[in-house]
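Peer 1: Could you build the full structure based on these sequences and the hints that come with them?
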Amino acid sequence: MTRLALAALLALAAAANAVAQLLDFSDAELRAILHHGPWPAPWSPDPSNRVSGSPEAIAFGEHLFFEPRLSPSGKVLCATCHAPFRAWQDARARAFGLAEAERNTQSLFNVRHNRWFGWDGAGDTLWAQSIRPILEAREMGGSQAEAAVLVRGDPELACRFRRTFGEPPPAADEDVLAGIGKALAAFQETIVSGRSPFDDFRDALSRNDFSSMKKYPEAAQRGLRIFVGRGNCSACHFGPAFSNGEFHDTGVPFFVRGGVDPGRHGGVKKLRANVFNLLGAHNDDRSGSSAVKTRQVALEHRNFGEFKVPSLRNVAQTAPYMHNGSLATLADVVRHYSGINADRLHSDGESLLKPLRLSAGEAADLVAFLESLTEIASVLPPRRPGPACR
Amino acid sequence: MEERRDTFRRHARRALSAAFAGAAIAGVAQACELPPGTRVESQRLALSYRTIPRQIAVGEQFVLEFSACAKAGTALPGGVKLDAYMPEHRHGMNYRASVNPMGGGRFRSEGWLFHMPGRWELIFDLGGERLTHSVRIE
Numbered sequence: 016m017t018r019l020a021l022a023a024l025l026a027l028a029a030a031a032n033a034v035a036q037l038l039d040f041s042d043a044e045l046r047a048i049l050h051h052g053p054w055p056a057p058w059s060p061d062p063s064n065r066v067s068g069s070p071e072a073i074a075f076g077e078h079l080f081f082e083p084r085l086s087p088s089g090k091v092l093c094a095t096c097h098a099p100f101r102a103w104q105d106a107r108a109r110a111f112g113l114a115e116a117e118r119n120t121q122s123l124f125n126v127r128h129n130r131w132f133g134w135d136g137a138g139d140t141l142w143a144q145s146i147r148p149i150l151e152a153r154e155m156g157g158s159q160a161e162a163a164v165l166v167r168g169d170p171e172l173a174c175r176f177r178r179t180f181g182e183p184p185p186a187a188d189e190d191v192l193a194g195i196g197k198a199l200a201a202f203q204e205t206i207v208s209g210r211s212p213f214d215d216f217r218d219a220l221s222r223n224d225f226s227s228m229k230k231y232p233e234a235a236q237r238g239l240r241i242f243v244g245r246g247n248c249s250a251c252h253f254g255p256a257f258s259n260g261e262f263h264d265t266g267v268p269f270f271v272r273g274g275v276d277p278g279r280h281g282g283v284k285k286l287r288a289n290v291f292n293l294l295g296a297h298n299d300d301r302s303g304s305s306a307v308k309t310r311q312v313a314l315e316h317r318n319f320g321e322f323k324v325p326s327l328r329n330v331a332q333t334a335p336y337m338h339n340g341s342l343a344t345l346a347d348v349v350r351h352y353s354g355i356n357a358d359r360l361h362s363d364g365e366s367l368l369k370p371l372r373l374s375a376g377e378a379a380d381l382v383a384f385l386e387s388l389t390e391i392a393s394v395l396p397p398r399r400p401g402p403a404c405r
Numbered sequence: 286m287e288e289r290r291d292t293f294r295r296h297a298r299r300a301l302s303a304a305f306a307g308a309a310i311a312g313v314a315q316a317c318e319l320p321p322g323t324r325v326e327s328q329r330l331a332l333s334y335r336t337i338p339r340q341i342a343v344g345e346q347f348v349l350e351f352s353a354c355a356k357a358g359t360a361l362p363g364g365v366k367l368d369a370y371m372p373e374h375r376h377g378m379n380y381r382a383s384v385n386p387m388g389g390g391r392f393r394s395e396g397w398l399f400h401m402p403g404r405w406e407l408i409f410d411l412g413g414e415r416l417t418h419s420v421r422i423e
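The listed protein sequences derive, respectively, from chains A and X. In case it helps, the working numbering puts the first sequence at residues 16 to 405. In case it helps, the working numbering puts the second sequence at residues 286 to 423.
If you are wondering where the hints come from, they were derived from the structure by calculation, not from laboratory data. It cannot be assumed that every hint is accurate.
[As the list claims (entries may be wrong)] Here are the computed lysine to aspartate or glutamate pairs in the DMTMM-like style, where the Cα-Cα straight-line distance is at most 20 Å:
1) A:K230 <-> A:E390
2) A:K230 <-> A:D215
3) X:K366 <-> A:E315
4) A:K369 <-> X:E373
5) A:K285 <-> A:E151
6) A:K369 <-> A:D264
Peer 2: Here it is as structure tokens:
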């Protein structure tokens with residue numbers, strides 16, 4: 016009995032020592048880790064969208080999100096590519112609506128925290144970005160006029176529009192389309208991920224709660240140390256959403272069928288040409304402060320081949336990876352950064368990315384950390400069709 | 286008596302010279318007086334800036350307000366440009382900061398956003414003369 020108790024005590028002590036050694040993060044590491052929370056991050060409604068956060072708009076937007084008639088084909092809806100049961104993406108390398116596109120579908124989890132939308136940031140608001148696939152030939156293949164006719168002519172949609180905006184669908188097609196985008200955005204703003212094992216660890220760290228910290232697997236802790244330290248991953252995957260919201264060249268080829276994908280360079284050009292951008296008449300923010308980023312964004316040669324830094328929350332659920340979906344697993348992504356070809360990166364660009372040369376164990380640890388960003392439980396309400404609008 | 290008068294004249298002359306020198310110094314100081322803030326200087330120019338919000342956060346837009354003057358009390362050189370650069374990463378901001386003169390050597394600049402943690406160098410180009418100041422953000 017005594018021997019058993021002693022063995023148990025020794026085992027406990029050994030376990031405690033093992034964790035205590037791993038928890039010996041430096042001050043710089045601790046500060047970097049704490050920057051990745053708290054979660055959920057605070058959020059306030061989008062000032063450029065007067066119905067952001069409105070229950071009527073959320074309900075209307077949800078209805079539109081699952082509305083196949085927004086595509087004149089009647090075959091493609093927003094949820095075709097952003098499937099709720101696939102972490103709001105499609106698990107394909109490249110999006111496929113009416114035809115295959117050139118880029119991977121991004122998950123909608125926490126999309127409300129973005130500054131720019133899409134891999135190239137051609138959208139400066141979630142509502143403007145929500146309009147894009149409706150008009151894109153390879154996605155939903157619709158037009159401004161067709162979308163407006165649908166909303167004006169369908170009693171249910173017209174009623175929801177009126178309830179959301181306090182007026183019937185206007186005569187100008189462009190105004191109706193802006194309304195559709197704003198309602199879709201209001202719904203997507205509700206798609207947030209729940210807390211992850213990392214969040215519990217991070218919060219325990221912030222309050223020196225050692226017993227809670229010990230619940231976080233050792234491999235994930237070692238991976239976290241690489242993430243905020245030698246790997247320098249948190250320089251771009253910064254903050255509670257694990258993205259600085261900007262654009263970088265990460266050495267992923269940008270050749271596509273028949274040419275190249277210009278990435279952010281093309282995105283800035285599209286942004287400036289878009290009538291739905293924040294400098295246009297559809298911006299509801301009369302203060303003008305929301306439009307500063309659009310007015311001041313720079314178009315640089317180095318933007319060519321840059322793509323947006325994606326959030327890493329729930330990343331284990333959103334394979335395949337990178338802007339072209341060329342990497343199938345998280346292990347592949349880690350391998351990419353571990354052996355990145357620095358010569359491939361722009362010579363006048365950043366000198367941040369260097370091959371990490373991770374051992375197999377270190378690569379596995381980094382994957383374990385990334386997997387620990389998966390929500391423990393969904394915080395989204397179950398989807399139920401609402402009552403008909405009268 | 287005459288000697289006392291000379292001594293008085295000498296003292297008066299000295300006092301007057303000191304007063305003139307003081308006035309000259311005060312004149313320069315007055316011409317290049319800057320409001321409180323982070324002070325940056327070159328040989329000829331001085332400026333004082335502050336950011337709104339005061340604490341710069343990674344990935345958050347901020348406004349920069351600054352006042353500048355020529356130390357000699359002369360007019361500020363024309364053509365004010367602002368920028369920022371990350372020397373370790375060899376890149377600047379993804380935004381081009383605006384510069385709006387507010388009068389009296391004061392300026393307001395919008396469009397600032399530091400998208401990565403680390404050391405950033407603020408660059409104030411006043412008529413071709415560069416004044417720089419490093420800040421580290423986390």
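Peer 1: None of the hints should be skipped; say for each whether it holds.
Peer 2: Okay, the hints, checked on the actual structure:
no.: 1; hint: A:K230 <-> A:E390; in the structure: 15 Å, holds
no.: 2; hint: A:K230 <-> A:D215; in the structure: 9 Å, holds
no.: 3; hint: X:K366 <-> A:E315; in the structure: 17 Å, holds
no.: 4; hint: A:K369 <-> X:E373; in the structure: 13 Å, holds
no.: 5; hint: A:K285 <-> A:E151; in the structure: 13 Å, holds
no.: 6; hint: A:K369 <-> A:D264; in the structure: 12 Å, holds
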